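Could you build the full structure based on these sequences and the hints that come with them?
Protein chains in written order, with my numbering: chain A, 3 to 206; chain B, 2 to 206.
Everything labelled a hint here was simulated from the structure, so no lab data went into it. Predicted model, so just to flag it, every value in this text is computed and none were measured. Every residue gets a Cβ at the ideal spot worked out from N, C-alpha and C, and that includes glycine. Incorrect hints may have been included.
[What the hints assert, rightly or not] In silico DMTMM-like cross-links for lysine to aspartate or glutamate, where the CA-CA straight-line distance does not exceed 20 Å:
(1) 182(A) <-> 170(A)
(2) 182(A) <-> 14(B)
(3) 34(A) <-> 205(B)
(4) 11(A) <-> 102(A)
(5) 171(A) <-> 205(B)
(6) 96(B) <-> 16(A)
(7) 96(B) <-> 170(A)
(8) 201(B) <-> 14(B)
(9) 182(A) <-> 205(B)
(10) 3(B) <-> 14(B)
(11) 96(B) <-> 81(A)
(12) 36(B) <-> 205(B)
[To be verified] Stretch-level coverage of chain B by chain A, calculated; a stretch enters the list once three of its residues show a Cβ under 8 Å from a Cβ in chain A:
(13) 20-26
(14) 56-64
(15) 70-83
(16) 108-114
(17) 161-168
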Amino acid sequence: MEYVNIFIKSVFVDNMIFAFFLGMCSYLAVSKTVKTSLGLGVAVTFVLCVTVPVNWIINRYLLAPGALAWLSPKLADVDLTFLSLIVFIATIAAIVQIVEMVVERYSPSLYNSLGIFLPLIAVNCAVMGGSLFMQERNYSNLGEVFAFALGSGGGWLLAITAIAALREKLRYSHIPPALKGVGITFIITGLMGLAFMGFMGIDL
Amino acid sequence: MKNRQLIVMPWRDNNPVTVQVLGICSCLAVTAQLKPAVVMAASVTVVTALANLIISLMRNSIPPRIRIIVQLVVVSTLVVIVDQVLRAYFYDVSKQLSVFVGLIITNCIVMGRLEAFAMHNPPVPALCDGIGNGIGYSIVLVIVGTTRELLGSGCLWGVPVVEHTGLYNIGYEDNGLMLMPPMALIVVGLLIWAQRSKNKKLQES
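Take a look at the structure:
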């Protein structure tokens with residue numbers, strides 16, 4: 003039950019786009035059609051579900067204060083937290099590279115639909131943000147971390163698909179020329195964010 | 002002359018946030034108050050300038066296939082330094098910025114300038130380009146931060162300024178909504194609208 007709560011909370015209440023603006027750059031650049039945004043959304047969710055648990059394990063057993071105690075009691079007061087930024091981004095870049103190679107080898111059709119997005123994801127703030135929030139929120143076991151990663155990815159997927167659907171329809175509306183493109187996308191995202199604020203304060 | 006142009010161009014007509022639409026995440030998330038916005042702006046400017054300089058010095062020895070990893074390592078080292086400095090001297094602001102200092106690593110402005118400029122240009126122009134883009138980003142952050150803090154809580158830099166004007170006595174109220182995340186998007190949207198109606202060349206067809 004607790005896992006379902008974390009999942010729903012990270013999809014709606016702590017939505018990556020509407021509450022934290024993470025992954026905005028690719029959100030704005032790739033949301034022109036529903037098909038490509040769905041592809042990117044799935045890729046981001048997938049990479050989050052792999053990288054966040056891996057980074058949690060690294061954080062729990064290598065970086066957090068006292069984490070090295072399992073090696074020998076002498077190391078119990080070592081705190082390597084200051085290394086976490088560099089370790090997290092290295093893990094993410096490496097995993098994205100591996101995922102790309104595995105997908106290319108075993109599922110060429112999936113690679114053709116996701117392939118172009120995978121290199122972009124290494125520098126997507128939503129992925130890095132996922133790992134950093136995981137560290138900040140102190141999840142206690144791997145199940146919770148996985149639920150959080152799946153929920154954050156799902157929320158991002160939901161947001162980018164919704165805005166892409168809206169932008170497809172926007173082509174037929176009369177927008178002031180100066181507001182076309184990026185401007186109106188910002189304002190619509192803001193309005194969607196206001197709607198999502200309705201979920202705030204729901205205590206699960 | 003050329004270096005001066007590199008610094009000045011990104012302030013308005015080639016602004017990284019409103020024109021190139023890069024580095025939006027942090028620009029929106031830290032601007033509920035002016036103080037964290039200014040600290041964030043300064044950190045990003047330092048990181049962009051130094052990363053541009055370092056990558057430009059190394060540009061002839063970086064193998065093209067692994068350049069992204071090399072860039073990430075340089076940028077994340079700089080960000081770790083900035084993060085530690087902020088924790089040491091501005092602890093409260095650093096707590097407020099939470100994960101967004103770490104997210105400078107994946108800030109598209111930094112990576113974008115490295116890819117587009119520092120990889121093909123000598124160190125001095127690269128440094129100027131980094132400073133220029135950092136300042137362009139800072140300008141937007143300061144505008145948005147000022148608007149949101151002033152309208153949202155009636156303060157500037159934590160100092161209650163609206164109180165002294167006597168507006169509250171005639172029925173003025175702070176709009177708490179301005180402090181909420183969605184309003185940041187709308188403020189930036191309006192800023193882009195204002196800039197593009199003044200400069201027709203930037204409009205999208």
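Inset, instruction - Kindly indicate which numbered hints from before are broken by the structure, ordering the numbers from low to high. - result: 4, 7, 12, 14, 17
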